[in-house]
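Visitor: Sequence:
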Amino acid sequence: ATFIGIPLGILAARSTKWSSRILLACDTAQTFPSFIYLIPAIMLFGVNDVAVVFSILIFAAVPLTRYTIEGLRGVPPEMVEAADMSGATRFQKLLTVQLPLALPTMGVGFNQAINFAFFMVIIAAFIGTQDLGQELQRTLAGTELGKNFVLGMNVSLMALSFDFIITKWTETRKQALGLG
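Under my numbering, the very last position in the sequence shown is 370; numbers go up by exactly one each time.
Simulated from the structure, these hints should not be mistaken for laboratory data.
Do not take every clue at face value.
[As the list claims (entries may be wrong)] What follows is a set of in silico ranges between Cβ atoms, one per label pair, in the way DEER data are often shown:
(1) Lys337 - Ser210: 47 to 53 Å
(2) Ser276 - Asn344: 21 to 27 Å
(3) Phe339 - Ile229: 45 to 51 Å
[As the list claims (entries may be wrong)] Calculated lysine to aspartate or glutamate pairs in the EDC-like style (CA-CA distance at most 20 Å, straight line):
(4) Lys337 - Asp353
(5) Lys283 - Glu271
(6) Lys337 - Glu325
(7) Lys364 - Asp353
(8) Lys207 - Glu260
(9) Lys364 - Glu260
(10) Lys364 - Glu268
Note that the structure is predicted; figures quoted are calculated from it, not measured.
Heads up, the beta-carbon is just placed ideally off N, CA and C, and yes, glycines get one too.
My request is simple: use the sequences and hints to build the entire structure.
Guide: This is the structure in structure tokens:
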């Protein structure tokens, strides 16, 4: 999802023509219920793990795209102007000024993308894939309360762990850049 969301976000942040189109696609994608992403994946790949991975990529790319756009647009203009005055090319400005300053905001997009991916794995259990979501669905249908609790806690702890790691990383980046 990173290889889809970040380039789309960079393209949208740099071009008003592409910005309106990409944001429209993101807005439209966010209005759909999550299981809708499985339909084109099943039509393209059948009921298998590839369909689930495709659904996760598309579902998780939306927050990455949005937060990349917001992060790049939030870079102070004087920083970009200083890079221009130093003779930096567009690519150099992007790599050395804009992306580093946008990373704390983009971290929120990474966080949401990971949580969206966990959510989609659980939703994907409805198409019969063999993964953690399938195991959760199977135990919820039964009477094994202990197993339900353990699986639910595992998913929650994984999501919270990633949330904690990304939050700490973005706070560290903000402090290193003098942003907060």
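Visitor: Check whether the Cα positions of Lys364 and Glu268 lie no farther apart than 20 Å.
Guide: Holds. Lys364 to Glu268 sits at ~18 Å (cutoff 20 Å).
Visitor: Next pair to validate is Lys207 with Glu260; report whether the Cα-Cα distance is within 20 Å.
Guide: Given pair Lys207, Glu260 holds - Cα atoms ~16 Å apart, limit 20 Å.
Visitor: Quick check on a hinted range of 47 to 53 Å for Lys337 and Ser210, using CB atoms only.
Guide: Check passed, 49 Å falls within 47 to 53 Å.
Visitor: Decide if the proposed pair is consistent with the structure: Lys364 and Asp353, CA atoms, cutoff 20 Å inclusive.
Guide: 16 Å, holds
Visitor: Determine whether the Cβ-Cβ distance between Phe339 and Ile229 falls within the hinted range of 45 to 51 Å.
Guide: Since Phe339 and Ile229 have Cβ atoms about 32 Å apart, the given range 45 to 51 Å is violated.
Visitor: With the threshold set at 20 Å, check whether the alpha-carbon distance from Lys364 to Glu260 stays at or below it.
Guide: 15 Å, holds
Visitor: For Lys337 and Glu325, compute the direct alpha-carbon distance and say whether it is at most 20 Å.
Guide: 10 Å, holds
Visitor: Do the alpha carbons of Lys337 and Asp353 lie within 20 Å of each other, as the hint requires?
Guide: 24 Å, violated
Visitor: Verify the CB-CB distance for Ser276 and Asn344 against the hinted window 21 to 27 Å.
Guide: Violated, since Ser276 and Asn344 (Cβ atoms, about 49 Å apart) do not stay within the stated range.
Visitor: Would the pair Lys283 and Glu271 pass a check requiring their Cα atoms to be no farther apart than 20 Å?
Guide: Between Lys283 and Glu271 the Cα gap is close to 10 Å, so the pair holds against 20 Å.
Hints 2, 3, 4, counting from the list given before, are not met by this structure.
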